[in-house]
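Trainee: Given the coordinates of chain A, work out where chain B should sit on it, guided by the hints.
Taken in sequence, the protein lines are chains A and B.
Residue numbering for the first sequence is 657 to 1082, as defined by our numbering.
Residue numbering for the second sequence is 657 to 1082, as defined by our numbering.
Read the hints as simulated data drawn from the structure, not as lab findings.
Just so you know, not all the hints are guaranteed correct.
If several chains are the same, the list does not tell them apart, and a pair holds so long as it fits within one copy or across any two.
Unchecked claim - SDA-like cross-link-like pairs, simulated, lysine to any residue; straight-line CA separation at most 25 Å: (1) Lys821 - Glu858; (2) Lys1077 - Leu755; (3) Lys1051 - Val893; (4) Lys1006 - Glu981; (5) Lys1077 - Gly851; (6) Lys905 - Ser1048; (7) Lys1006 - Ser760; (8) Lys821 - Glu670; (9) Lys821 - Ile677; (10) Lys1006 - Gly973; (11) Lys1006 - Thr704.
There are 2 protein chains.
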Amino acid sequence: MPHLNAEIIAIGDEMISGARIDTNTAWLSRRLAELGVDVHFHSTVGDTLSHNTDAFRIAVRRADIVVATGGLGPTRDDLTREAIAEALGRPLQLDEASLKHIESMFAVRGREMPQRNRSQAMFPLGASAIPNPQGTAPGVDAPSPREDGTESRIFALPGVPDEMKTMFDASVAPAILSLNHAGRHIRHSVMKFFGVGESDMEERLGDMIDRERQPRVGITVSSATISLRISAMGETVAQCEEMIASTRKEILDRVGDLYFGDGETFEQQHAVEAILREREQRLVVIELGNAAPLGDWLAALGDSPVIAGGLSLANVGELSRFAREPIPPASDDADDFAERYNACLQVVRKRFHADWIVMVDAYPDLTIHEGSVLPASPLTIHVCDPQGNVASQHKRIGGHPSIVHPRIAKAALMFLRSELKAAATK
Amino acid sequence: MPHLNAEIIAIGDEMISGARIDTNTAWLSRRLAELGVDVHFHSTVGDTLSHNTDAFRIAVRRADIVVATGGLGPTRDDLTREAIAEALGRPLQLDEASLKHIESMFAVRGREMPQRNRSQAMFPLGASAIPNPQGTAPGVDAPSPREDGTESRIFALPGVPDEMKTMFDASVAPAILSLNHAGRHIRHSVMKFFGVGESDMEERLGDMIDRERQPRVGITVSSATISLRISAMGETVAQCEEMIASTRKEILDRVGDLYFGDGETFEQQHAVEAILREREQRLVVIELGNAAPLGDWLAALGDSPVIAGGLSLANVGELSRFAREPIPPASDDADDFAERYNACLQVVRKRFHADWIVMVDAYPDLTIHEGSVLPASPLTIHVCDPQGNVASQHKRIGGHPSIVHPRIAKAALMFLRSELKAAATK
Chain A
657 MPHLNAEIIA IGDEMISGAR IDTNTAWLSR RLAELGVDVH FHSTVGDTLS
707 HNTDAFRIAV RRADIVVATG GLGPTRDDLT REAIAEALGR PLQLDEASLK
757 HIESMFAVRG REMPQRNRSQ AMFPLGASAI PNPQGTAPGV DAPSPREDGT
807 ESRIFALPGV PDEMKTMFDA SVAPAILSLN HAGRHIRHSV MKFFGVGESD
857 MEERLGDMID RERQPRVGIT VSSATISLRI SAMGETVAQC EEMIASTRKE
907 ILDRVGDLYF GDGETFEQQH AVEAILRERE QRLVVIELGN AAPLGDWLAA
957 LGDSPVIAGG LSLANVGELS RFAREPIPPA SDDADDFAER YNACLQVVRK
1007 RFHADWIVMV DAYPDLTIHE GSVLPASPLT IHVCDPQGNV ASQHKRIGGH
1057 PSIVHPRIAK AALMFLRSEL KAAATK
Chain B
657 MPHLNAEIIA IGDEMISGAR IDTNTAWLSR RLAELGVDVH FHSTVGDTLS
707 HNTDAFRIAV RRADIVVATG GLGPTRDDLT REAIAEALGR PLQLDEASLK
757 HIESMFAVRG REMPQRNRSQ AMFPLGASAI PNPQGTAPGV DAPSPREDGT
807 ESRIFALPGV PDEMKTMFDA SVAPAILSLN HAGRHIRHSV MKFFGVGESD
857 MEERLGDMID RERQPRVGIT VSSATISLRI SAMGETVAQC EEMIASTRKE
907 ILDRVGDLYF GDGETFEQQH AVEAILRERE QRLVVIELGN AAPLGDWLAA
957 LGDSPVIAGG LSLANVGELS RFAREPIPPA SDDADDFAER YNACLQVVRK
1007 RFHADWIVMV DAYPDLTIHE GSVLPASPLT IHVCDPQGNV ASQHKRIGGH
1057 PSIVHPRIAK AALMFLRSEL KAAATK
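The following block holds chain A by itself, in its conformation from the complex (with noise of 0.2 Å):
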């Protein structure tokens, strides 16, 4: 069987004029290519009813599968219904169901649905609802027959992501599974690594990654970590966990050392938090330099007892100025920093009250370099465990100005791990 083909028709004037970029089509993208399906073209368009026509008519023609988010308010601005409709030569009609819908939703906030709401219950002829369990708009599901006498089908949804998102994954995705794989069934896996570049980590992945395999393995990046996420179809969900888990162990057996969780949005800070709330020992984070991206994410974790704080200076001296404690001169011995910076580091974990210091030293300065890419630039990170030890890693690290930071604040997560591991193995 051919792969099914689609479309992502984005609606807004918000996004045609560059206001708002849309992220909508990229997730519903990397969804579709999950199912198997091939997306050919994106389309966005205005709030104008003969560009949104225009854009319907062409997408039909061209493509097995529309997904269109945006244009199902209330308002007057909102044209995905008519145009559909006109796309289609079909008239609109009301849909009792979906208006009772509606009605209910402001019932329950206390309000009268005001007259106009009532448009959102209005769908072209032979289309079904799809249930939007978030808002008031339903999404439009919409058979759409060519001239030839094949079919194409749009699906429209909101253009609010929380609300397309849960009306993809719950009604879209199943309705598309059951065109293109009667029967089956579909779960996914996502796995997280950080270490290396996009590249290397494409070629030690080699075939895993092809677009054909069973179960299909994709990859993005976001700010130097990479999320692999594992997409398996089969006959049972018990089939599609036994594919995913002995995939995941291929993966491990490839990138393993590479690997640090599970989970869309679970970053290094939080396996690192983990394994301190554990030991019940507590983390300051000491960020010299350019940037203290780390003493942020590390409160973002939520309130976590073993986040000790973060401490931001300009520079060594500014340490020592702020520890009131004298830093002797670097010897040859290019690694006396433990001896050079220990008494400092002590008032530091003393007035933290913490175990473990992670100490970057020091993040580049960006505002020399806008636009351009950054060359790569030496830095230390260093590690003090409870007992006073400290080890020290010197990277060098560089790249584009928008993602040198986070990049240098997960190489100093990525050695605080290790140490963390070391410790534990003593």
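Mentor: What follows is chain B alone, placed relative to chain A:
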């Protein structure tokens, strides 16, 4: 003269697969609007020739101006030149001047040009090269006659954002200006604001942000900071600047209370730093709770002598432990903060050798609200001046989780700015 309209085509497998978010298209949309061009459609296609050809054919039919990004590299995946040639029904031919430029780019780096880069000097018959000072890939400027005798015009640029933007501003914008407004000039000015939501801002600006106004005023919002970009078109540069000056005055009359500075990348922390530098006074920031963005932002100002550092702690209890000063229990007077916390603040001020302190108490925990809107939660911002006087501001801030912490940090900077100004007039 009716407005010209445009379509933007983004090309690349990384975009159609959802692996990368396209930000070029939004940038181009805003620039085209400033040139008086209405953008009607965005299209995205992967590195598949037939999809590219289809997209260009449709775009030439329905848009006066087509701006494409991506697919100009030297590999077999780079199909933009071929797709344009095919869509226009014209052969590709070698442009000697472009070939020489590409060879010279390699010569500068002491390398011989690989044979495959020759493809970057091939252009559809009738098209010309758009110079690319930063990279090897020249752009393509292809006048595109339609069957009805009218003409569209394709400008194809690289996908690398820095190259794309430089080439658009240097070559494409002047070409469009001469199509649309021959002999006219265009000048821009960006003003920055903080303190109200986008819809309140729009209401206060009223007809100033009409799309038909001259000079045009474009509004964009990034993490609650509002940018107004004024684009003036005139017979002379002097006339443009005059128009900009009077529009700036009108804007300041309406929303001057929210204005904090000029320039695309100018933020409130830059304004704060400028004041501190002038007075030779140092600032330390204390961030309590579940975030510490200010420590990061202030550090990122570049090596600045007036940023004394940042301190991130979980709560006032930890602040008391850090300072080794007890905090007396709150009295009935809700505003006795200065008295109760004074001993703690003096310790922090001395440790960091600071004059001013700004403290946020506290950033809310977002981990329990993932994906849903955070209800407005109460928090207090304290500013302590060099004489030890503490001013406090109570706020309630909520919203989408991704925006809550930056919004709080920006509210703190706004309060700090007003206290810095008040101190100057005392």
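Trainee: Which of the numbered hints are not met once you compare them with the structure shown?
Mentor: 1, 2, 3, 6, 7, 11
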